[in-house]
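*Asks:* Each chain is listed here by its residues.
2 protein chains.
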Amino acid sequence: MSESTDRDARHKARMQRKKALIDEKIAQAQDEYGLLLVHSGNGKGKSSSAFGMVARALGHGIKVGVVQFIKGAASTGEETFFRRFPEEVSYHVMGEGFTWETQDRQRDIAKAQQAWAVAQRLLSDESVGLVVLDELNIALKHGYLELDAVLADIEARPLLQHVVVTGRGALPGMIEAADTVTDMSLVKHAFKSGVKAQKGIEF
Amino acid sequence: MSESTDRDARHKARMQRKKALIDEKIAQAQDEYGLLLVHSGNGKGKSSSAFGMVARALGHGIKVGVVQFIKGAASTGEETFFRRFPEEVSYHVMGEGFTWETQDRQRDIAKAQQAWAVAQRLLSDESVGLVVLDELNIALKHGYLELDAVLADIEARPLLQHVVVTGRGALPGMIEAADTVTDMSLVKHAFKSGVKAQKGIEF
Numbered sequence: 006m007s008e009s010t011d012r013d014a015r016h017k018a019r020m021q022r023k024k025a026l027i028d029e030k031i032a033q034a035q036d037e038y039g040l041l042l043v044h045s046g047n048g049k050g051k052s053s054s055a056f057g058m059v060a061r062a063l064g065h066g067i068k069v070g071v072v073q074f075i076k077g078a079a080s081t082g083e084e085t086f087f088r089r090f091p092e093e094v095s096y097h098v099m100g101e102g103f104t105w106e107t108q109d110r111q112r113d114i115a116k117a118q119q120a121w122a123v124a125q126r127l128l129s130d131e132s133v134g135l136v137v138l139d140e141l142n143i144a145l146k147h148g149y150l151e152l153d154a155v156l157a158d159i160e161a162r163p164l165l166q167h168v169v170v171t172g173r174g175a176l177p178g179m180i181e182a183a184d185t186v187t188d189m190s191l192v193k194h195a196f197k198s199g200v201k202a203q204k205g206i207e208f
Numbered sequence: 006m007s008e009s010t011d012r013d014a015r016h017k018a019r020m021q022r023k024k025a026l027i028d029e030k031i032a033q034a035q036d037e038y039g040l041l042l043v044h045s046g047n048g049k050g051k052s053s054s055a056f057g058m059v060a061r062a063l064g065h066g067i068k069v070g071v072v073q074f075i076k077g078a079a080s081t082g083e084e085t086f087f088r089r090f091p092e093e094v095s096y097h098v099m100g101e102g103f104t105w106e107t108q109d110r111q112r113d114i115a116k117a118q119q120a121w122a123v124a125q126r127l128l129s130d131e132s133v134g135l136v137v138l139d140e141l142n143i144a145l146k147h148g149y150l151e152l153d154a155v156l157a158d159i160e161a162r163p164l165l166q167h168v169v170v171t172g173r174g175a176l177p178g179m180i181e182a183a184d185t186v187t188d189m190s191l192v193k194h195a196f197k198s199g200v201k202a203q204k205g206i207e208f
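Which chain is which? The protein sequence lines are D and F, in order. Note that my numbering has the first sequence beginning at 6, numbered continuously upward. Note that my numbering has the second sequence beginning at 6, numbered continuously upward.
Worth double-checking, as some hints may not be accurate.
The list treats identical chains as one, so a pair stands whether inside a single copy or across any two.
Said to hold, decoys possible - No farther apart than 25 Å at their CA atoms in a straight line, the calculated lysine-lysine pairs in the DSS-like style are these:
(1) Lys24 / Lys193
(2) Lys24 / Lys146
(3) Lys193 / Lys17
(4) Lys68 / Lys24
(5) Lys146 / Lys17
(6) Lys68 / Lys17
FYI, nobody ran anything at the bench for these hints, they're computed from the structure. The model shown is predicted, which means the values in this text are computed figures rather than measured ones.
With the rest of the complex left out, here is chain D:
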C-alpha cells in the first residue's frame, strides 16, 4: 500500500468514526427552544459575531431586534447596513458612546435604563425571533442595570426567542443563566502594534 493510499484509508476510517459520533449527538439533542448566548472576553468578535447571527437569522426569515447599550456616539457600519431592512430588523442605538467618553455616571445610568425599556419591549414580542443586546455586559458591570431584573425579563421571553448578550466582563450570574458562552480572547492585535483603527474592521 502506498503512503498516500494508506493516509487516505486512515483518514476515511477516522472520519467514519467521527460521523457516527456526530450523528448520535444530533439524534440525542431533542429540545428546541430559544437560547441565551453570551459573547464575552477581551478579544474582537463579540459584537461582530452577534451581527453575523443577525444576517443568519434574516436568511431564515426570522425577525430581529437589536439594542446597542453603549456604542452609539459613532454610527457603525452594522447600523447603516441593517437599517436598510426596517421591516425585518428593529434597530435601537441607545448609549451615548463609551463611558470614558461621557464621564457622567448618572447620565450613563439613565441611558442604560431607557435602553432596557426598549429591550423589554423586544423581549415580550413573539414576532421577534432574535434579540441582540449589544454591550449589555458593560452596562451590568458598571452597575447601570440590576442583573436580577435583567435576567428575570430575559427568562420571561417568548419560548422560541433567542437572545445574544455581548460585552466583556460578563457577570457570573449572566454566565450561569446562559445556554452558550463564548469567550473571545485576544491572541494578537494589530491596533496594539500601532495600526490605525480601520473602517469596516474596527467600527
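Given chain D's structure and the hints, the job is docking chain F onto it.
*Replies:* Same frame as chain D, now just chain F:
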C-alpha cells in the same frame, strides 16, 4: 460627600485617565492598510464574526468576497441573506460539507484547490475591500492546501484589502502572518447538554 457622589467622582477620574490613554493610542496608530484577521479556537463565533464584518463593510459601501471552503452541503442563513446583494457580495460556496460527511480525501483536496482558485481571483481584485476565507484553516490543517502558497497569495493582495480567515486549528504560520488573531473558546454550550442544533443560531 455621600457614598454615591463619591463613587461618581471616582468613576469620572478613572474614565478621564482611560480617555487620555485611549486618545494617545489612537494618535499613535498611523498606518492604514488591509489587515489579515484570523478567527480560530473551539468556540462558536468564528464564522459569525466574519459575517458580522461583512455587514459592517457593506454599511461602509465596501465590496466583499466570500469563499466557504468546507461548509457547503447545507445552505446556511448567511448565504441566503448575503446572496440578496449580488452587486456588493461575491459569494462562493466551494466545499462539499464537512470532511466526516464526504470521507473522500482526494475529492476534498480537489475541492479545496478549486476554492483556492476562486480566492486567488478575489485576492487580486482591487475593487474588493474585504475577503472572507471561511474555514480555510480546516483545509490547511488537513493538508488540502499548502500554507506557504496560500500565505504568498494573501501577502500579494491589494494594499487596502482586508482578509478574514476562519476555522479551528489555525496553523502557527497563519497566526504568525496575521495582524489580529482572536481565539473563540467554548465556555459552555447548549448543544453539548442535549439541545438540538437550531436554525438561525447554529446554521
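*Asks:* Could you check the structure against the hints above and give me the numbers of any it violates, in ascending order?
*Replies:* 3, 4 and 6
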